[in-house]
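Taken in sequence, the protein lines are chains A and B.
Residue 16 in numbering that gives the first Met the number 0 sits at position 17 of the first sequence, with consecutive numbering throughout.
Residue 5 in numbering that gives the first Met the number 0 sits at position 6 of the second sequence, with consecutive numbering throughout.
Please note that the accuracy of each hint is not assured.
To be verified - Listed next, the in silico BS3-like pairs over lysine-lysine satisfying Cα-Cα at most 27 Å (straight line):
| # | chain 1 | residue 1 | chain 2 | residue 2 |
| --- | --- | --- | --- | --- |
| 1 | B | Lys-153 | B | Lys-141 |
| 2 | B | Lys-101 | A | Lys-14 |
| 3 | B | Lys-126 | A | Lys-1 |
| 4 | B | Lys-126 | B | Lys-141 |
| 5 | B | Lys-27 | B | Lys-101 |
| 6 | A | Lys-14 | A | Lys-1 |
Hints were generated in silico from the structure; no laboratory data involved.
Bear in mind that the values here come from a model prediction, so they are computed numbers and not experimental data.
This is what each chain is made of:
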Amino acid sequence: MKLVYFAWVRERIGKGSEIIDRPEAVATVSDLLDWLAGRGEGYAAALAHPEVIRVAIDHEHVDHHTPLPADGEIALFPPMTGG
Amino acid sequence: MSIAPRISVQEQDFDVAAEIERLAGGRKDVGAVVTFTGRCRDEDGTLTALELEHYPGMAEAEISRIAAEAAERWNLLGLTVIHRYGRIAVGENIVLVAAGSKSRNASFEAANFLMDYMKSRAPFWKKEHRVDHQEGGWVAAKESDEEALAAWQKNA
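Work out the full structure: start from the sequences and follow the hints.
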């Protein structure tokens, strides 16, 4: 699946997007955030407080309990500051 | 009758007068147009600009969902939402909401609702460019923005 990152999540991870193969045990958004945080220093810094991270699946906001789709675009970003 | 909102996520500036004309020009049923323009402020002289990062695709989709909800809640005759991205200098426009209706209340309330939702739900992030050339920070979301949404949800 494709992951995309924005704002300080993108800066801390050090890239704007990547394609990942997730382990089968990673079933929900919450699982994904935990698993990603273990992938390196940048990820750990970006996801140190997973509760503040906002997530969208295929351009729609979802909560952290949402099951991950088999494929699709998952976006991770900080609280939004538009307008 | 449901309207088709005009949504634009764009780098270039917009012309408020031209947008009002586009929404209401030549129409005899639109008795009220409310516009809100969000502009880049200098935070007491410390900023030169804001960098507006956005999520292409989702920004348009999310604004469309918010606009559709506004069109459902209020009897609107026209609705325009424009949100800019990229580097926006102090004093420049960032966002426009223009709502048209038969009389004023629907337009005032819909414009307010749209801005409250866009603040917390439209995928845009602001980074500061500072006058002193120090590394600017990301603007933090305000708790009051979430509280504004909760109020709309209670009054649904």
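So, going through the hints one by one against the coordinates:
1. B:Lys-153 with B:Lys-141: Within the cut-off at roughly 19 Å; holds.
2. B:Lys-101 with A:Lys-14: It is violated: about 49 Å lies between the C-alpha atoms, which goes past 27 Å.
3. B:Lys-126 with A:Lys-1: holds (25 Å)
4. B:Lys-126 with B:Lys-141: Satisfied, since the Cα-Cα distance of roughly 15 Å is no more than 27 Å.
5. B:Lys-27 with B:Lys-101: holds (10 Å)
6. A:Lys-14 with A:Lys-1: holds (13 Å)
In summary, the structure is inconsistent with hint 2 from the numbered list given earlier, while agreeing with all the others.
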